[in-house]
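Visitor: Chains as they are written, first to last, in this note's numbering: chain A, 10 to 355; chain B, 2 to 248.
Accuracy of the hints is not assured; some may be wrong.
Not the full set, but computed from the structure, chain B residues with beta-carbon under 7 angstroms of chain A [what the hints assert, rightly or not]:
no. : residue
1   : Pro75
2   : Asn79
3   : Phe93
4   : Leu104
5   : Met115
6   : Asp137
7   : Leu226
Cut-off 30 angstroms, straight-line C-alpha distance, at most; resulting in silico cross-link-like pairs (BS3-like, lysine-lysine) [as the list claims (entries may be wrong)]:
no. : chain 1 : residue 1 : chain 2 : residue 2
8   : A       : Lys335    : B       : Lys196
9   : B       : Lys120    : B       : Lys141
10  : B       : Lys68     : B       : Lys141
11  : B       : Lys121    : B       : Lys141
12  : B       : Lys192    : B       : Lys28
13  : B       : Lys141    : B       : Lys114
14  : B       : Lys120    : A       : Lys318
15  : B       : Lys114    : B       : Lys68
16  : B       : Lys20     : B       : Lys68
17  : B       : Lys196    : B       : Lys28
18  : B       : Lys68     : B       : Lys192
19  : B       : Lys68     : B       : Lys28
20  : B       : Lys68     : A       : Lys318
21  : B       : Lys120    : A       : Lys335
22  : B       : Lys192    : A       : Lys335
In short, the hints are calculated from the structure, not lab data. These numbers were taken from a predicted model, which means no experiment stands behind them. In this text, a Cβ means the ideal position worked out from N, Cα and C, and glycines have one as well.
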Amino acid sequence: MLDRLTISMRASHVIALTFFAVALCFALIATLLGDTFYMRLASEALIFGGLALSVDFLLGFVGQLSLGQALYFGIGAYASALVLMQVPSFWLALGGAILAVLVSSLIGGLIVNRVRGIYFALITFGLAQVAAKVVYNTRELGASDGIIGIPVININLLFFSFSAANPLAFFLFVLAIIMGFYLLAAWLLETPAGRAMIAIRANEQRVAFLGYSVRNVRLGAYVFAAMIAGVSGALYPVLRGFVSPELMYFATSGNAVIAAIVGGVGTLIGAIIGSILIVGAKSVIGSWTEHHVIFIGILFMAVVLFMPKGIFGFIRERIEMRMIRKASAPTEAKTSDETGVAGKQA
Amino acid sequence: MTDAVLEVTGLSRSFAGLKAVDGVSFKVMPNRITTVIGPNGAGKSTLFNLISGVLRPDAGDVFVQGKRMTGLNPASLNRQGVARSFQITNLFFDLSVRENIRLAAQAREPAGKMLRSVKKSTLAHEQSDQMLARFDLTAKAGELAGNLSHGEQRRLEIAVCLASNPTILLLDEPTQGMSHGDTLQTAEMLKQLAKQVTILLIEHDIGLVMSLSDHVVVMHQGRKLMEGTPEAVRADSSVQAAYFGHV
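Same shape as in the complex, but just chain A (with noise of 0.2 angstroms):
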């Protein structure tokens, strides 16, 4: 018998291949049309999928709402910038990226954990502030102004090797290391590991009791988060040529935030979809009025009171029925009619 948590992330697989074949036709008419703008818009807008997705993990799974999650796609985002500024290499960048979300996120790990619930959201939040303001005022790292002129790089993938300007090539670079991240989440939510992370949001208390050292799961689970965050922001650079305070504040951890709830909190795919139509409906409604604002704040409250699962929470739900009725339908078959019947009515 399938159990309830794999069965929703199998649910979860299916909006995530479709999700992906979207992408994919997105791509192919994008480029006959010979667009550039809109590829590269999706391209942000994948890139801070993978911050929404890292919010997701950590609310969805874990239980914990982080409001500064942006300070690794931030720390991330600067890092490689500062490597990329001398040496025009984008692994070298990942790397340097991946070292500093390492240890900066096992830093702010520790200090994080001691604390849970709403105090977690809250300390969080006050962490990015201020590494966000240390940034602001450090004239080495470009202080308000950030760090600008960072080169157009090649990006060598063994075989060959393609300009991070091609908007097709970086759009599918981005997209494979997004899909990636979610399949690394879902992954690791599939292990021993991934699911004493989940009992954690289930009745923390408890798992102590289990034998689990709490701290070192809720630890890993942060650390992880953080490297999906750090990562994604790495790539941001690559794309803009710049990188600014702005990365690490309150409005990108928030956007985030609004994302994943929009497009349904422990889904992961939600997140990352989420996050392509809120910077989408930025973008396309910001180019006729600048208030678009007030139309996500619309579309959140929408989605909290009438989908409080989220756009694909509520979409995942129905697969998940149609996945339970057909895993026990050989079974319904063999009983008597009167229990199929009320098979198909559950």
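Keeping the supplied structure of chain A fixed, place chain B upon it in accordance with the hints.
Guide: Then chain B, alone, in the frame of chain A:
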């Protein structure tokens, strides 16, 4: 003479000057049911919290199979074979019944399996199947623990404890809130369990204590009043005085 599975010596803990547990010593012998009884406020729950690592004692020691375990945290104690249940049902309510048990069992898998698919935790799966069958929960395996009846939840609580393969099981009022029928069933099950694992119980139902226990420890106002066989305890006048007041 066999060695005690659990031994506490001079265990004490005060809260703001009030001695909740005061110099309590006793031994729990293997494969027996030892029950701690006492009127409300006697310090039974504090005693359990001291043994299971929730609280640190001010004085005294806890030994499990002869090894000193004083001051270890609940996770380390669990890994040393001490599992406990809770007076107020304490489960993973929004996870399935099977997952509740599996989570406890997978903690016993070797560390190398922690980052492989849960499907590969064969030990944990076998263990869960066994527990589900043993506690008559197989039919409910896919249900969320929160949707079970109270009696089923109390059974699951014991199943979760047992799934971590403990040497000693601390059960805090396992029949709390159960119907009479469920209570009798649970008592029978505990008797069976005692063949496999040592049990230390807190229980209020005196009838149940007398029929179930091999050994009874009576607590009163933080101190151990007496200990002995159920018969000896029943006959003791100081126990009667503690429960009913001096007549």
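Visitor: Are the hints correct? Go through all of them and say.
Guide: Right, here's what the structure says about each hint:
1. Pro75: For B:Pro75, the interface hint holds, since the closest Cβ of chain A sits about 4 angstroms away, which is under 7 angstroms.
2. Asn79: 4 angstroms, holds
3. Phe93: Hint on B:Phe93: holds, closest Cβ of chain A at ~4 angstroms, below 7 angstroms.
4. Leu104: Where the cut-off is 7 angstroms and the nearest Cβ of chain A is about 5 angstroms from B:Leu104, the hint holds.
5. Met115: Check passed: Cβ of B:Met115 comes within 5 angstroms of chain A, closer than 7 angstroms.
6. Asp137: 17 angstroms, violated
7. Leu226: Interface hint status for B:Leu226: violated (29 angstroms vs cutoff 7 angstroms).
8. A:Lys335 x B:Lys196: 43 angstroms, violated
9. B:Lys120 x B:Lys141: The hint holds at about 20 angstroms.
10. B:Lys68 x B:Lys141: Violated: B:Lys68 and B:Lys141 sit about 39 angstroms apart, past 30 angstroms.
11. B:Lys121 x B:Lys141: Status holds; Cα separation ~23 angstroms.
12. B:Lys192 x B:Lys28: 19 angstroms, holds
13. B:Lys141 x B:Lys114: 27 angstroms, holds
14. B:Lys120 x A:Lys318: 28 angstroms, holds
15. B:Lys114 x B:Lys68: With a Cα-Cα distance of about 28 angstroms, the restraint between B:Lys114 and B:Lys68 holds, given a limit of 30 angstroms.
16. B:Lys20 x B:Lys68: Given pair B:Lys20, B:Lys68 holds - Cα atoms ~26 angstroms apart, limit 30 angstroms.
17. B:Lys196 x B:Lys28: 18 angstroms, holds
18. B:Lys68 x B:Lys192: The given pair, whose Cα atoms are some 27 angstroms apart, holds under the 30 angstroms limit.
19. B:Lys68 x B:Lys28: Holds, at roughly 13 angstroms.
20. B:Lys68 x A:Lys318: 49 angstroms, violated
21. B:Lys120 x A:Lys335: 21 angstroms, holds
22. B:Lys192 x A:Lys335: Not OK: B:Lys192 and A:Lys335 at ~42 angstroms, beyond 30 angstroms, violated.
Checked against the numbered hints given earlier, the structure breaks hints 6, 7, 8, 10, 20, 22 and satisfies all the rest.
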